[in-house]
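Protein chains in written order, with the working numbering: chain A, 1 to 84; chain B, 1 to 591.
Everything labelled a hint here was simulated from the structure, so no lab data went into it. C-beta: ideal position from N, C-alpha, C; glycine also. Accuracy of the hints is not assured; some may be wrong.
Part of the chain B face toward chain A, derived, beta carbon under 7 Å [claimed, not checked]:
| # | residue |
| --- | --- |
| 1 | A241 |
| 2 | V391 |
| 3 | S424 |
| 4 | L425 |
| 5 | G426 |
| 6 | P476 |
| 7 | L479 |
| 8 | T480 |
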Amino acid sequence: MTIDVVPTQIEQWLTGRVIAYGKVTADKFTVDTPLSELGLDSVYALTLCGDIEDEFELEVDPTIVWDYPTIRELAGGIAQLATK
Amino acid sequence: MTLSQTFPFTGALNRPDLELLFGDPHIDGPFNYAAIAADDDARRMNTFAEGVLDAWGAAAEFVPAALGGRWTDTSAMVTRLRPIFRRDPAVGLGYGLTTLMAAVNVWIGGDEEQQADLAMRLLRGERIATAFHELDHGNDLLHNECTADFGGGVWKVRGAKQIINNIDRAESVLIMARTSEGVVARQFSLLLWHKAPGDPVDTTRRVLTAGMRGCWIGAAQFDGVKISARRIIGSEGNAVATALKAFQITRATIPALAVGSLEAALHETILYARDRQLYGGSVLDIPHARSLYADALTDTLIADALSGSVVRALHLAPRESFVLSAVAKYLAPQLLMDAIQQLSVLAGSTFYARTEPYSILEKLVRDLIVVPIGHAGSTSCLMTILPNLPVWARRSERTVEADLRLFELNASEELPALDFQALSLGAGSTDSLGAALHDPRVRQALAQHAPQLLPLVYELAEGFKRERAIARALSPDQLTAESAAASFDVARRVSLFFAAAAILGSCAVAAGTSDLAADPLVVEACLERVRGRLAHQQRPLRREIIDRLVDHGEWCVDESRSVGLRPVTIYPKARQRVRIPAGNREGRRGT
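Required output: the full structure, derived from the provided sequences and hints.
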């Protein structure tokens with residue numbers, strides 16, 4: 001694990017990933033913007049889940065992005081999974 | 001019908017092989033090839049075959065053993081059901097598979113009561129239709145329009161579903177309907193509708209198809225059909241997640257069953273080619289005909305190895321099955337289609353003029369065309385593989401050893417029951433199948449038993465490595481339905497490497513035995529044909545290989561053996577008589 005499993009740090013990491021995908025710039029969204037509004041469809045959800053699995057050494061089903069549709073909610077979901 | 005015995009529903013042991021109950025399709029009988037071709041022309045199901053399947057309790061094949069059925073090892077289930085596909089794929093689809101497609105959703109997403117209720121219905125011989133598809137949206141399920149609104153304790157379904165097998169004659173229908181707004185993937189629910197007289201729905205319109213003509217494929221127009229709140233499978237909004245898991249089982253199983261139809265076509269081809277005299281000898285003496293047969297058999301064996309390993313992966317590597325089942329459902333039907341196409345060229349005028357007694361070949365060609373289209377089309381399977389490629393590539397790169405149990409196609413021990421809850425929608429954490437391309441144990445087995453193949457194996461393994469690097473570097477915008485053809489080609493090529501891995505794995509575990517998968521000439525043929533597909537250029541197989549493959553085909557015909565990697569006795573001359581139960585489907589509507 002390369003970063004602490006603290007929601008705020010996970011939010012930062014997720015924000016970095018979303019910017020890295022190149023669909024949106026940092027000034028166009030917050031941690032509460034639904035990912036779908038950023039043009040991040042199911043393909044990005046799969047990519048993001050793969051990244052999350054590798055970064056946090058977790059098994060993450062892609063449905064996590066359906067149920068936690070913003071960066072803030074997703075970070076909370078990941079933190080929960082990580083503490084299980 | 002002579003009464004000899006009936007069979008209990010449960011327990012795979014001591015049940016007669018369906019081959020015995022159906023008998024030799026070349027001699028007089030109610031389910032011989034002549035009857036099957038006539039039924040196909042009349043667009044009806046073979047009532048004798050359905051009666052035999054009722055008596056045999058075939059529906060129990062689709063019910064998990066824990067719920068009173070016979071389903072534990074899916075691979076064994078495939079073996080037990082292939083006799084149907086060696087005769088009439090339309091019976092296979094119309095009698096059983098369409099029910100399996102619906103039932104697996106309940107085994108995955110239903111609660112205990114729903115599962116017990118459905119198990120009871122199937123065990124007493126009822127069918128379920130799968131009403132997911134809307135013609136306007138194809139495999140794009142997320143744009144489906146059929147809706148269900150909740151009020152007064154019931155769901156009311158409105159809208160249309162098309163190309164639904166058994167829609168008119170099934171006792172129940174599993175409907176995927178839009179039940180809410182919000183996150184698209186959570187907008188849909190699965191509703192199990194048990195038909196009742198007077199329901200506001202029209203299911204009588206039949207859709208006429210070019211293949212699988214005996215199936216009763218139709219459309220439904222729902223006009224406020226009421227379904228109790230208790231009949232929602234899993235929770236509201238769970239349809240897509242459940243269906244994406246359920247598809248894995250059927251995507252793996254369908255191509256493995258369809259291999260049986262090619263076994264039949266290969267058998268008929270040998271009979272024809274020996275019988276037909278041209279240019280002063282039999283067709284089987286003509287080098288070009290022998291080459292076509294060898295190519296078709298090889299493609300069938302590749303499909304057999306791949307689909308067989310992927311069926312075993314459902315049990316042994318369930319978290320990888322999302323991608324693997326899409327690979328099998330993409331590539332195996334393509335291989336089988338190409339194989340039967342080659343056989344149709346070999347049969348020439350006998351094929352297109354439907355000359356007896358070989359008219360079944362023409363029907364099998366039409367039926368097999370449906371396999372790549374129906375239930376997760378080839379392109380939709382590539383689109384399932386595509387977005388997983390970068391993650392899969394990373395996992396694959398760090399996998400050292402394959403799971404060799406995947407390749408034990410002739411294992412005598414049954415696999416433990418399938419864990420439905422272990423299926424996932426991700427790329428898995430390892431690459432249990434693909435790793436056979438570089439697994440040191442596989443290399444060692446080859447070095448010992450078929451060292452002449454090592455250069456070809458190294459070439460394929462290097463290609464696999466390069467393809468993984470390409471897959472790893474794909475950016476998300478190269479992974480969508482709108483991506484360039486080049487992205488789709490990566491998914492296609494990765495599928496071919498999986499096929500090569502399945503062949504090598506099967507060879508390694510069979511090494512030292514008399515299994516076909518251990519024969520260096522057979523393995524060379526399979527790897528060479530995969531290499532040719534990767535290069536978009538097939539080289540002719542060597543004469544020695546062609547002779548070996550044709551000899552094997554002839555031996556199988558003479559010995560009444562199936563020609564694939566899992567040899568069984570087929571087409572027994574004496575048919576075991578069964579009592580067709582009263583009240584079976586004969587005379588029911590649509591049969």
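Interface hint status, L425/B versus chain A (Cβ within 7 Å): L425/B check passes; min Cβ-Cβ to chain A is 5 Å, inside 7 Å.
Interface hint status, L479/B versus chain A (Cβ within 7 Å): holds, 5 Å
Hint status (Cβ of V391/B to nearest Cβ of chain A, threshold 7 Å): It holds, given that the least Cβ distance between V391/B and chain A is near 3 Å, below 7 Å.
Cut-off 7 Å, beta-carbon criterion: hint that P476/B touches chain A: holds, 5 Å
Residue hint G426/B, partner chain A, criterion CB-CB below 7 Å: With Cβ-Cβ at 6 Å, under 7 Å, it holds.
Hint status (Cβ of T480/B to nearest Cβ of chain A, threshold 7 Å): T480/B check passes; min Cβ-Cβ to chain A is 5 Å, inside 7 Å.
Chain A contact restraint for A241/B - C-beta distance below 7 Å: holds, 5 Å
Interface hint for S424/B, Cβ within 7 Å of any Cβ on chain A: holds, 5 Å
The structure shown violates none of the earlier numbered hints.
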